[in-house]
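Asker: Here is how the chains run, residue by residue.
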Amino acid sequence: MINAVPPAAIFIIGAFLIPLLRGNLKSVYLLLLPVLGFINLLNIPYGSHWSFNFLDYTITFLRVDRLSLVFAYIFHIVSFIAILYALRLKDDLQHMAAVLYAGAALGVIFAGDFISLFIFWEVMAVTATYLIWARRTKASQAAGLRYFLVHIFGGLCLLAGIVINTYNTGSIEFSYIGLNGLGSSLIFLGFGINCAWPGLHAWLTDAYPESTITGTVFLSAFTTKCAIYALARGFPGTELLIWIGALMTMFPIFFAVIENDLRRVLSYSLINQVGFMVVGIGIGTQLSINGATAHAFADILFKALLFMAMGAVMHQTGKINATDLGGLYKTMPLTCIFCIVGAASISAFPLFSAFATKSMVMEAVAKEHRTIIWFMLLFASAGVFHHAGIKIPFFAFFSHDSGIRTKEPPLNMLLAMGIAAFLCIFIGVYPTVLYSILPYPVNYVPYTAPHVMAQLQLLFFSALAFTLLILSGIYPAEMRAINLDIDLVYRKFAVAFFWFCNVPLTAFRNGIQNFSSRAIGAIAKFATDPLIVPELILKGIQLGVYKALTTSSTGTNPKIADLEFRFNRLIKMRETGRYYGTEVPRRPIGLGVLISFVLIFFYALIYIITR
Amino acid sequence: MKKEKKYLFDKPENVQRLLRGFWALLILLLGIDLFISKHPYFHWEEWPEFYAIYGFVACVCLVLASKYILRPIVKRKENYYD
Numbered sequence: 001m002i003n004a005v006p007p008a009a010i011f012i013i014g015a016f017l018i019p020l021l022r023g024n025l026k027s028v029y030l031l032l033l034p035v036l037g038f039i040n041l042l043n044i045p046y047g048s049h050w051s052f053n054f055l056d057y058t059i060t061f062l063r064v065d066r067l068s069l070v071f072a073y074i075f076h077i078v079s080f081i082a083i084l085y086a087l088r089l090k091d092d093l094q095h096m097a098a099v100l101y102a103g104a105a106l107g108v109i110f111a112g113d114f115i116s117l118f119i120f121w122e123v124m125a126v127t128a129t130y131l132i133w134a135r136r137t138k139a140s141q142a143a144g145l146r147y148f149l150v151h152i153f154g155g156l157c158l159l160a161g162i163v164i165n166t167y168n169t170g171s172i173e174f175s176y177i178g179l180n181g182l183g184s185s186l187i188f189l190g191f192g193i194n195c196a197w198p199g200l201h202a203w204l205t206d207a208y209p210e211s212t213i214t215g216t217v218f219l220s221a222f223t224t225k226c227a228i229y230a231l232a233r234g235f236p237g238t239e240l241l242i243w244i245g246a247l248m249t250m251f252p253i254f255f256a257v258i259e260n261d262l263r264r265v266l267s268y269s270l271i272n273q274v275g276f277m278v279v280g281i282g283i284g285t286q287l288s289i290n291g292a293t294a295h296a297f298a299d300i301l302f303k304a305l306l307f308m309a310m311g312a313v314m315h316q317t318g319k320i321n322a323t324d325l326g327g328l329y330k331t332m333p334l335t336c337i338f339c340i341v342g343a344a345s346i347s348a349f350p351l352f353s354a355f356a357t358k359s360m361v362m363e364a365v366a367k368e369h370r371t372i373i374w375f376m377l378l379f380a381s382a383g384v385f386h387h388a389g390i391k392i393p394f395f396a397f398f399s400h401d402s403g404i405r406t407k408e409p410p411l412n413m414l415l416a417m418g419i420a421a422f423l424c425i426f427i428g429v430y431p432t433v434l435y436s437i438l439p440y441p442v443n444y445v446p447y448t449a450p451h452v453m454a455q456l457q458l459l460f461f462s463a464l465a466f467t468l469l470i471l472s473g474i475y476p477a478e479m480r481a482i483n484l485d486i487d488l489v490y491r492k493f494a495v496a497f498f499w500f501c502n503v504p505l506t507a508f509r510n511g512i513q514n515f516s517s518r519a520i521g522a523i524a525k526f527a528t529d530p531l532i533v534p535e536l537i538l539k540g541i542q543l544g545v546y547k548a549l550t551t552s553s554t555g556t557n558p559k560i561a562d563l564e565f566r567f568n569r570l571i572k573m574r575e576t577g578r579y580y581g582t583e584v585p586r587r588p589i590g591l592g593v594l595i596s597f598v599l600i601f602f603y604a605l606i607y608i609i610t611r
Numbered sequence: 612m613k614k615e616k617k618y619l620f621d622k623p624e625n626v627q628r629l630l631r632g633f634w635a636l637l638i639l640l641l642g643i644d645l646f647i648s649k650h651p652y653f654h655w656e657e658w659p660e661f662y663a664i665y666g667f668v669a670c671v672c673l674v675l676a677s678k679y680i681l682r683p684i685v686k687r688k689e690n691y692y693d
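Just so you know, the sequences run in chain order A and B. Residues in the first sequence are numbered from 1 upward in steps of one, following my numbering. Residues in the second sequence are numbered from 612 upward in steps of one, following my numbering.
Just so you know, the hints here were simulated from the structure itself, not pulled from any lab data. Predicted model only: the values in this text are computed from it and were never measured. Treat the hints with caution; some may be incorrect.
[To be verified] Derived DEER-like restraints, expressed as beta-carbon distance ranges: (1) LEU32(A) / GLN627(B): 49 to 57 Å; (2) TRP655(B) / PRO45(A): 47 to 55 Å; (3) LYS649(B) / LEU32(A): 45 to 53 Å; (4) CYS672(B) / THR371(A): 17 to 25 Å; (5) PRO45(A) / HIS654(B): 31 to 39 Å; (6) SER51(A) / TYR679(B): 52 to 60 Å; (7) LEU334(A) / LYS649(B): 34 to 42 Å; (8) LYS649(B) / THR323(A): 38 to 46 Å.
Glycine included, every Cβ here is placed at the ideal spot set by N, Cα and C.
Isolated chain A (complex conformation) (with noise of 0.2 Å):
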């Protein structure tokens, strides 16, 4: 047995702790859970460890090698500087959902079978939906409750893909896959929807903007970098990936620049950024797996200090919507700085980290000389700078003075901030560093005169763009109002499908509801005495062949009375369902049993020529 444990388990241990702790100490536990999972993290051998026989398969909770520890670095690095944001929060549940989640996170990473992988996938799920709820707002329990809806159909079809597939392989291990036939398809899907390819993305941009201001942080990390991930080992080089990929990168971007929340417009940059990993994935390469690995770690910072920035704004200001915001640089001018090194890492500016990732994507894809998906990425690296970028820093910091004079956010939200925003300018200063933990060697080298120069003629000149489209006032108006997407579908689907349930399926249920009572009430009084009928019908044919034969003319016949009386008797009975008065002679038991012999006898008849 080796020294070190899966780095799931001190999270997802250590997660129920927290309850138990207090004050400073609690702050403390909190923070040394993410340094000694990393501590752990750097004991650990590379190969296949903590396997387990399950059934006829094996469990393998530890499997390692250079791909999952790109991702679980970089796991335990976000955890730290969230733990540390999150750290004055009064709410032990939270701290548990997000230390759960980020373990589940790892324990994916980590996964070495499909059982395992699935297990700690669900547990993201249902962690981050907790953290969607902690908001504790009509909109986020809503929010929350279409999340967890959305991700138990990705797991279900992350399920059924894993069940065929293994029915076919005969194999639980989680390794390459490829697209071929029905069971990786669903697979497929089942990463895609975390993923949050396009169509399939609304979970992401409903949901995060309603998590609570910590929460979020938490969240822009891991499920779609777990997605990521799970592309990598099991689809890289698929052709489908990289269309898809190309239309992340390219559609967000359009709904970021006329979105009112901030904190939405970083979730539609997530998804471009998301585009760029899936698009290197697709390509296959190992310049371009190295690309899409590299360019997670960076996004995971940035992403994180960007959610941060805004985090602290809302946490300061109560708001979050462009049309309330502006001039707040004059009182959180540090959180300010930490903004743009944010926006400046996301855009790819030179000296800053995406520049030293983003750009592995888009060498990539040159040289495999893809020519419109190079175009349209190159769409989508202005495109970022433009409404990640300028849009967030301006409308939050700068444009109209809102008025707002508050202070800088509490010293812990600062130093996790300024500790991301220090990591995005690092990698993008040194990023040998990064290059060196990367799955496949790497020699590519992004400094060069040339490349540098364009990257900073695209930017200068889309932030040229932005500047006169704003002073010609064609820039559209921040607006108080949301923008429809895909979610509608299954809004509005959803709510259309219960108006069907309710009133015409329940109309249909409640008539024959009503037809099935009645016939059994009236089935139930025939039963009760089966034969009143022949007899009614045998007394009313006597009576009437009587008064037919008998000329009506001699006064009353007492025959006649007498046959009248008994037939009213008989109505008179079958009314009222008294059988048994003094007058009416009881019938033979004998007759009863008979009829039931017969009926068990053709019941038996049927049973015996069916069977």
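Take the given structure of chain A and dock chain B to it, following the hints.
Answerer: Only chain B this time, still in chain A's reference frame:
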């Protein structure tokens, strides 16, 4: 009424300074581009000022498309879903 402290961009001349620096930087970037030797994968990357033009055009198209095509289609009142 208490007179509020003047901040950096409250003074119009500071905004003007910033903008002037920005214009100068743009011209500088256009100038340097002509003297850099490029080793591109695509031949259009060698065209002078290709990235500057592409960046500018891309962003103008992005904003115009968002404002005049996307927004009229998707914009709804804030309480649309309530």
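Asker: State for each hint whether it applies.
Answerer: Hints, one by one, checked against the model:
no.	hint	verdict
1	LEU32(A) / GLN627(B): 49 to 57 Å	52 Å, holds
2	TRP655(B) / PRO45(A): 47 to 55 Å	49 Å, holds
3	LYS649(B) / LEU32(A): 45 to 53 Å	51 Å, holds
4	CYS672(B) / THR371(A): 17 to 25 Å	18 Å, holds
5	PRO45(A) / HIS654(B): 31 to 39 Å	49 Å, violated
6	SER51(A) / TYR679(B): 52 to 60 Å	59 Å, holds
7	LEU334(A) / LYS649(B): 34 to 42 Å	39 Å, holds
8	LYS649(B) / THR323(A): 38 to 46 Å	44 Å, holds
In summary, the structure is inconsistent with hint 5 from the numbered list given earlier, while agreeing with all the others.
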